[in-house]
Amino acid sequence: MLEIGAITKTYQGTPAVRDASFSVARGELVCLLGPSGCGKSTLLRIISGLTACDSGKISIEGVDMTTTQANRRPTAMVFQSHALWSHMTVAQNVGFGLRVRGLPKAEIAAKTAAVLDLVGLAAFAKRLPAELSGGQAQRVALARCLVVEPKVLLMDEPFSALDAHLRKGLREELKALQGRLDLTTIFVTHDQEEAMELADRIVVMQGGRVEQVGPPGALYQNPSTLGVAQFIGAMNTCTTNLRHGAVDWYGVTLRMHLPDGEVALLCRPEDLHPDAKGTAARVTRVIDLGPVTKVTLITGTGDLLTWTCPRDQAPDLGRVLTLLPRRLHAFRSGALMGLMEAPLPAQAQGATA
Amino acid sequence: MPDLGTTSGGIAPRHTQRTGLGLQALAGLALVALPVGLLVTLILWPTVRMVTATFLIDGTLSSDRYFAFFNDAYTMANLRYTLEMGLVSAVTALAISFGIALYLRFSAGRIATMIHGLSLFPLFVPSIIISYALVRFLGPNGLFQLMLEQVGFTHYRTPYLTPVGPFLAFVWENIPLPVLVLSAGLSQVSDHAVEAARDLGAKAPRILWEILLPQMRRSLLIAFALIFMGIIGAFTVPYMLGPPAPEMMSVFMQRTLGNLHDPEAAQVQAVVLMVISSIVGGFYIATMVKSSEAAR
Numbered sequence: 001m002l003e004i005g006a007i008t009k010t011y012q013g014t015p016a017v018r019d020a021s022f023s024v025a026r027g028e029l030v031c032l033l034g035p036s037g038c039g040k041s042t043l044l045r046i047i048s049g050l051t052a053c054d055s056g057k058i059s060i061e062g063v064d065m066t067t068t069q070a071n072r073r074p075t076a077m078v079f080q081s082h083a084l085w086s087h088m089t090v091a092q093n094v095g096f097g098l099r100v101r102g103l104p105k106a107e108i109a110a111k112t113a114a115v116l117d118l119v120g121l122a123a124f125a126k127r128l129p130a131e132l133s134g135g136q137a138q139r140v141a142l143a144r145c146l147v148v149e150p151k152v153l154l155m156d157e158p159f160s161a162l163d164a165h166l167r168k169g170l171r172e173e174l175k176a177l178q179g180r181l182d183l184t185t186i187f188v189t190h191d192q193e194e195a196m197e198l199a200d201r202i203v204v205m206q207g208g209r210v211e212q213v214g215p216p217g218a219l220y221q222n223p224s225t226l227g228v229a230q231f232i233g234a235m236n237t238c239t240t241n242l243r244h245g246a247v248d249w250y251g252v253t254l255r256m257h258l259p260d261g262e263v264a265l266l267c268r269p270e271d272l273h274p275d276a277k278g279t280a281a282r283v284t285r286v287i288d289l290g291p292v293t294k295v296t297l298i299t300g301t302g303d304l305l306t307w308t309c310p311r312d313q314a315p316d317l318g319r320v321l322t323l324l325p326r327r328l329h330a331f332r333s334g335a336l337m338g339l340m341e342a343p344l345p346a347q348a349q350g351a352t353a
Numbered sequence: 354m355p356d357l358g359t360t361s362g363g364i365a366p367r368h369t370q371r372t373g374l375g376l377q378a379l380a381g382l383a384l385v386a387l388p389v390g391l392l393v394t395l396i397l398w399p400t401v402r403m404v405t406a407t408f409l410i411d412g413t414l415s416s417d418r419y420f421a422f423f424n425d426a427y428t429m430a431n432l433r434y435t436l437e438m439g440l441v442s443a444v445t446a447l448a449i450s451f452g453i454a455l456y457l458r459f460s461a462g463r464i465a466t467m468i469h470g471l472s473l474f475p476l477f478v479p480s481i482i483i484s485y486a487l488v489r490f491l492g493p494n495g496l497f498q499l500m501l502e503q504v505g506f507t508h509y510r511t512p513y514l515t516p517v518g519p520f521l522a523f524v525w526e527n528i529p530l531p532v533l534v535l536s537a538g539l540s541q542v543s544d545h546a547v548e549a550a551r552d553l554g555a556k557a558p559r560i561l562w563e564i565l566l567p568q569m570r571r572s573l574l575i576a577f578a579l580i581f582m583g584i585i586g587a588f589t590v591p592y593m594l595g596p597p598a599p600e601m602m603s604v605f606m607q608r609t610l611g612n613l614h615d616p617e618a619a620q621v622q623a624v625v626l627m628v629i630s631s632i633v634g635g636f637y638i639a640t641m642v643k644s645s646e647a648a649r
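Protein chains in written order, with my numbering: chain W, 1 to 353; chain E, 354 to 649.
Do not take every clue at face value.
[Unchecked claim] In the DSSO-like style, the derived pairs of lysine-lysine whose C-alpha atoms are separated by at most 27 Å in a straight line are:
hint, chain 1, residue 1, chain 2, residue 2
1, W, LYS105, W, LYS151
2, W, LYS294, W, LYS277
3, W, LYS105, E, LYS556
4, W, LYS111, W, LYS126
5, W, LYS168, W, LYS151
6, W, LYS57, W, LYS111
7, W, LYS111, E, LYS556
8, W, LYS111, W, LYS151
9, W, LYS105, E, LYS643
10, W, LYS57, W, LYS151
11, W, LYS168, W, LYS294
12, W, LYS126, E, LYS556
13, E, LYS556, W, LYS151
14, W, LYS57, E, LYS556
15, W, LYS126, W, LYS105
16, W, LYS175, W, LYS151
Simulated from the structure, these hints should not be mistaken for laboratory data.
Bound conformation, chain E alone (with noise of 0.2 Å):
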């Protein structure tokens, strides 16, 4: 008789535990209907209409507006400009991240303190300041200018409405997000991996080389996609500091409606954008799976 008791009390939790994971299932279900509605609703539902659209001519499936982006030199010449200022500035904005986050990995006090506090300061300041502060601190008789001529120096170029000017906007603008990703990967680096590849006789380029970096690909990456995409997005930056040609795809897209009134040819500029920004988005969809899976 004995077991006719385990087996009663075997039964009844697993009844109540079915049924409450059901209604535990229903209550997440009912919590995410709503973003996932709103993300349909004005997310989803109007990129497939615009997508569709960029492949109708007066009712009938075509290519030809496609053609006609990838035959424009113009055009051409913006999308290469914007993906080149999103890998350089990008790769730029990383590498200098990187540092950041290796000295505060391994450093510690007042100094470390104030970096720390330094490099996250932009978060906080709105693209827009940052241009019109670089438009006064770099543009023609900005403040940068004045101080050069102090010291004699009369050559200065101005980097605004040329390429550096936005890329020097959006290295500044994109400091603190690796710094962030980078230092929550290089927190994850034992001191002793470190200590122990000091100990066989690396030296710190080695150590950087194949220590460090191996263990901090998949933050990088998650790192670069997020600034890359940021960047090639991005309007007000190159809007007040960029060169009026070429232009990056956000200011041409704009321009192409607001100004040359051919929203049909705007749709097909965003969806060129958004199938670029969806392959580096997968991307970095799929490392940070990766890294979900390798965490488990």
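Bound-form chain W, shown alone (with noise of 0.2 Å):
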């Protein structure tokens, strides 16, 4: 449906999007995930028209997109200040679009009311955008993108000035109503949490490249960079020097079929269990997240582990406990090396690499 071939951009010498490529599938949602300023807006800016790129190919069903002006790109997009005009009613912001085309008046009357229905405004069609609240005017502003059928949705940010409330339902809202018309979008967000509830597949971008892309479950469960596994969700990152198949994680020897030299070695708070044989360490503060208990502890070489238990686990303040990894991602030079699971501690045996 969309394939972006090494997308490049760059501003006064700066890159801002390096190498960028990936495609997108009819009627999925995929997120550009990243930190602030990583090139994900510029990149859906490209996607649409609004910048130009410096170097690569934008295709939309095949069809050669990379020099065509926005104006005339099957794209629609949904800015992060929704961007609404203020003079015109939302019946009049949402029908812009159709008007543009040239419609008769009364398809565009037809097809406004329908789409204001869609997203639940149709009773709001006379008022003007100041007197809408963020949400609504956040579904005004998808809906004007809707009304003109495009082949590929582009949000940026769409809900980011949001109270995390609404922003939530928003999102609820948005799936539901891409998966009913089978849109196929792209949606940039820095929010991880919001990425991966909403995307089918993600694309991780850091420094302006693709980091990798992947759906939300195989991005955390197997990040293939230490920034992507560090973006996203919660890692205790531990790095150590490896030395004739052994490693020393927070006191306790592990052992690790990997060559010698520098390692990254990072678990996630989930992936952490008591174990009579792990490093000791006592627990400072325990914060009850409702369905689970998020643990924080300082080990005997002065680090903190983050563990996450079930709730009925929590253990007293103070209290000092011995944990191993179920898991460890291994990382050189921010690549992946290898992926353990349940590493033993040196006088075991049965480590895998």
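Both chains are given apart, each in its own frame, so use the hints to dock them into the complex.
As structure tokens, then:
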């Protein structure tokens, strides 16, 4: 459906997007996820045609759109600031794209009413944008795009200015609507929870590059770079030296069949478990998150560890626990070297790499 | 007992606040007293006296002077010429300024900075200098004519002492103010508002007509009112560059007073011009008030 091939964009010598490539299937919702300044919004603007790329190719349904003007592309974009025109009513805002296309008045009115009904704003047609709440304004912006039936819907952090509760509600509405209309969508966000909840696949960007593309679960379970591992979900990071197949993990020696050298060992908080052979750490903070409890501990080496455990296993403050990782992601120079399932202390056998 | 503490604690600041507000209000009144006093003494009072005087002939109320004004063909030609000059010059200056403001809004770099500087330059040039410069440039045997003759064009007719002369000067003189007003107005239109229209398929003319102009309506009205009022009351430019007849009202007024020694007729001319200015001024104030209400 949409092919992004080796897109590069530089602003006054500073690369904003570097060699970005990925594809989006029809009806798929893909999130561009990354920290501020990683180039995700620039890439979205390049797809929309509002910003020209220096090199690379964009094609929609096999048609090269790289040099096509924004007003001739079969895309529509929802902006972070909703960008509604303050002098037009909701209906006029929504009908603008249809007026541009020269549709008859009756058809514009019918389509506008239908799409406003779709986003639940049928009663707000005659209101001005200033008379809408943030969530309503963003739904009008979405309706304004949906009414022109774009082949690709582009959304640039549309919910980031809204409060958390409203954001969650709109996210669910959007997902339902996108599924119902089978709408190919690219959604930019820096909020990993939002991306995990919405996306069929996530494109993780860092420093202008596409770091990894995959379904949310796969990215969480198998991050391919240190950047992705640290950006998606929480991680306990231990940077240490690997020598002769053994590595020191917070004072516990673990076996690891990897080449010698510096290595970053990352472990999810939920992948820690109490084990008598594990590293000793004292509980310094216990946060009840409802279904789970987040426990902060300090190890004998002075490092902080985060452990997420079931609520009924929550330890008391000050208690000393011994913990071992169930899974360890090993990275060297930012790249994944191996994933260790149930790594064992040096005196035991059976570690896998 | 804690309630008592809360109550007394609540009363004390309110009392202090009321006293503070009273002092603040008095200080505010004292600050505006001088300018308001000057306005009343030097402008409002003489204006009221002058308007009253135009309706008094030998101590009795009469509208004869206004009857004479509106029935004199030459006077009416001068009034029409003044209003037409104001309208055409203001609309032309506004159109040029809007183009410059649009360019400055959506462009960056050295050329934009240079154009910005050039567009504001007339703000610092007195009317008399502009008039002299135009006489020397566009007048008979001026630089423009000499340049045309150098390339073989010998049929040049100077705009000096024709309505085109003051028109050119008014347009040039009145570009900076609307550029500033319209630039401020355009800065309120977000890039995303324009991009959203482009993204939905709109081309530049439609974006200008349906997105930018409606959002700029207030700024345009304010700029128009300011230029128009300035032009219809201007003296130097029409005096230096304008035709002998018809005359703009300011020149006509000066001649009625200085050459024809008819102060009563000059006062009537002044009152008529003042009423027209007041209508446009009232329009300007209403637009400003709406803008501030919208901003709130």
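Which earlier hints can't be squared with this structure?
The structure conflicts with hints 6 and 9, although it agrees with all the remaining ones.
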